[in-house]
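Peer 1: Here is what each chain is made of, one letter per residue.
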Amino acid sequence: MTARLGHYRPLAIAALLLVCVAGTQAWVDVYRPAVNDEAGVPFTGAAVIVRSFAGQIRGLLADFLWLRVDEYAHRRRLVDGDLNRADDAALLPLVRLITWLNPHYVEAYALGGQWLAFHFGRPGDAVTFYNEGIRNNPQAADLLTGVAFVQWRLLHDNKAAAARVEQAANLTGDDMVRFQALWLEAHILLDGGDRTGAIRVWRRVAAMPGYRQTAEHFLAQIARGGAVPAAPGTPRP
Amino acid sequence: MIASPVLVVARQVMREAWRRRTLPVLALFGCGIIIASAFLSFFQLGTEIKFFKDVAIAVIFLFGAMATLVLVSTQLSGEIESRTIYNVLSKPIRRYELVLGKFAGSVVAIGIAVAPMVGILMFFMYVDQGGSLLEAAKAGYMLWLSFVVLSAVALAIASFSSSIVCAALSVLVYVASYLKSAVIAYAGMVTYSRLAAGAAQTFYYLLPNFENFNVRMAVVHDQVVPWAYLFRTTLYAAALSAFFLYLGTQIFQEREF
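Protein sequences, first through last, are from chains A and B.
Here numbering that gives the first Met the number 0 is used: the first residue of the first sequence is 0, the next is one more, and so on.
Here numbering that gives the first Met the number 0 is used: the first residue of the second sequence is 0, the next is one more, and so on.
No lab work stands behind these hints: they were computed from the structure.
Keep in mind it's a predicted model, so treat the numbers as computed, not measured.
Glycine included, C-beta positions come from ideal geometry on N, C-alpha and C.
Treat the hints with caution; some may be incorrect.
[To be verified] So these bits of chain A aren't anywhere near chain B, every CB distance computed over 12 Å: (1) V18; (2) R31; (3) G123; (4) R211.
[As the list claims (entries may be wrong)] Which residues of chain B face chain A? A partial, calculated answer using Cβ under 7 Å: (5) L178; (6) Y235; (7) Q252; (8) E253; (9) F256.
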């Protein structure tokens, strides 16, 4: 009987060790999002498959794809004095792939959103793409102002656009980023006929060190009933 | 003082790794690529250090994994193919001590090979003020842990196969560990069966998960890797290595030459 039991001992030990493996894996999983915030990103099935195939070099792959996009984007052909849209269309899947491989690639989200909105005339898709980027990178002011611009200029949804730039203006950090966001917000509000709102925003700008003169210039312009000038840093296709 | 047979074998493995020059050459290549990538200047302003950290960690991972496979897959099968195993086993050494000695020597040798690459990463991070050096050291440690597990997997496979089969199967296990999340996602897409979902979950918990050792995101984006995570992952690596080493020693124990 004892000999018979002894026969199963290696199997029992192996099973016990497997239980330890499964247990420690479950224990590690609890902390996983603290180390890799991608763990909480709701990827699509296709994205999961692509990411799995790339394994641990997916970040590196995203970086090199970005270099490729950058290189090809600067080699786009001109047709009748305008950029060949087919070249951008060929590059968009690369941009999508980059954001799957590294959802913190803010530059890829910004570029993809801009192309969708201004090159392909798909502002709705651009907003969806920007929103995905914002969800994965809530601190990215570039994406917030980018989507605001699309909502303002192409979708004419001034209220949503103003809310987005307000969100960008409230991000901590760079004063320049804050100024740009408030600048855009003031113009969006003025364009929507909200003069009081625009004046309130310019007063916030005036309170920022170094921006008083600029704010006073625009406040004076509003007082004179000036028109809305072209927004600064307008995303160019 | 009489050294333990495990230590004697481990020392021999390290000496052999140095003599064969494969490990030093791989380490040298890795260091060269990391140093070269530090001088690439065509990236966007402000993102060079992020790119550098990404490249350096990927290079450490690739060359470390390559060194592990080259070193470990030739350990047992090399002895068998060159028939030196008869000499070794005629000495007062048990078979499991031989396997454990091979494992210990390999992981120390791989650690020594990987250390200069991590050192270069930390040096350039220090020079460019590109984030916490402690986090870079933690990333190096986590990568080494993944090589420890890969060594245990390779040794378990080497206990019953030739060196080429061992290297191929180890790569397969490694790739499967990443593909399992894809399999789970696919299972979720194509079936609503609870049984399939349960099988996928079991698959997830029992197969090695090399993604646990991936802290690249944290290091590249200047986040802190919690000590608790390090501790838990170390335990996970220990459990996984123990399982595969046990498997390897049991198979090797029964093997006839």
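Peer 1: Going through the earlier hints one by one, which of them does the structure break, listed in rising order?
Peer 2: 1, 2, 7, 8 and 9
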